[in-house]
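Q: Let the sequences and hints guide you as you build the complete structure.
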Amino acid sequence: MTDAPSAPNLSSLEQEGEVAADYIEELLDVCDLDGDLVIDARNGRAYVTVTSNQPSDLSGLSSADVVAALQDLTRIAVQNQTGEFSRLILDIGGSREERARSLEALVDAAIARLEGGATAAALPHMSSYERKLVHDLVAERGYTSESQGEGRDRHTVITGRA
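All residue numbers for the sequence shown refer to the UniProt record's numbering, where the first residue is 1 and numbers rise by one.
Hint data in this document are derived by calculation from the structure and do not stem from the laboratory.
A couple of the hints might just be wrong.
Said to hold, decoys possible - Across the chosen pairs, the derived CB separations fall in these ranges:
1. 31 / 140: 32 to 40 Å
2. 10 / 157: 31 to 39 Å
3. 149 / 104: 18 to 26 Å
4. 105 / 37: 28 to 36 Å
5. 100 / 149: 15 to 23 Å
Quantities reported herein were computed from a predicted structural model and do not represent experimental measurements.
Just so you know, even glycine gets a beta-carbon here, dropped at the ideal spot from N, CA and C.
A: Spelled out as structure tokens, the structure:
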């Protein structure tokens, strides 16, 4: 039996955030964009948030697909520098809040299907972080959910009341 990996300590999360912020700052410089970076550590993850006084500066980088790709690239950059797997969360121009609102709408629509008589409601595939948000939303509404599928096809299925 193997031991589960230990949760990263605050110091390693801060280092992860610093490396990630350096990487994102270089990207912004290359793109000739202005952005303010905030580094945070919570729930066992490093978070890097990029904001701007001119929201249009970040509009090309803040779509869900672009943020996901940049997050993956940033995680690789962090791993190359630190030698440790990164679970960093990147937010550009409020993209995480916007995605949380769309996930909430998906959950609401799925619950409406259940209340209309469906026995289960499957949501589209999404990242582990997004599935965690969905599981939390589902539990708050008094329903149960589980993740199904493998790899990129992993998704959440919502079933009856808890």
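Q: Take the hints in turn and mark each one as holding or not.
A: Taking the hints in turn, this is what the structure says about them:
no. : hint                  : verdict
1   : 31 / 140: 32 to 40 Å  : holds, 38 Å
2   : 10 / 157: 31 to 39 Å  : holds, 35 Å
3   : 149 / 104: 18 to 26 Å : holds, 22 Å
4   : 105 / 37: 28 to 36 Å  : holds, 29 Å
5   : 100 / 149: 15 to 23 Å : holds, 22 Å
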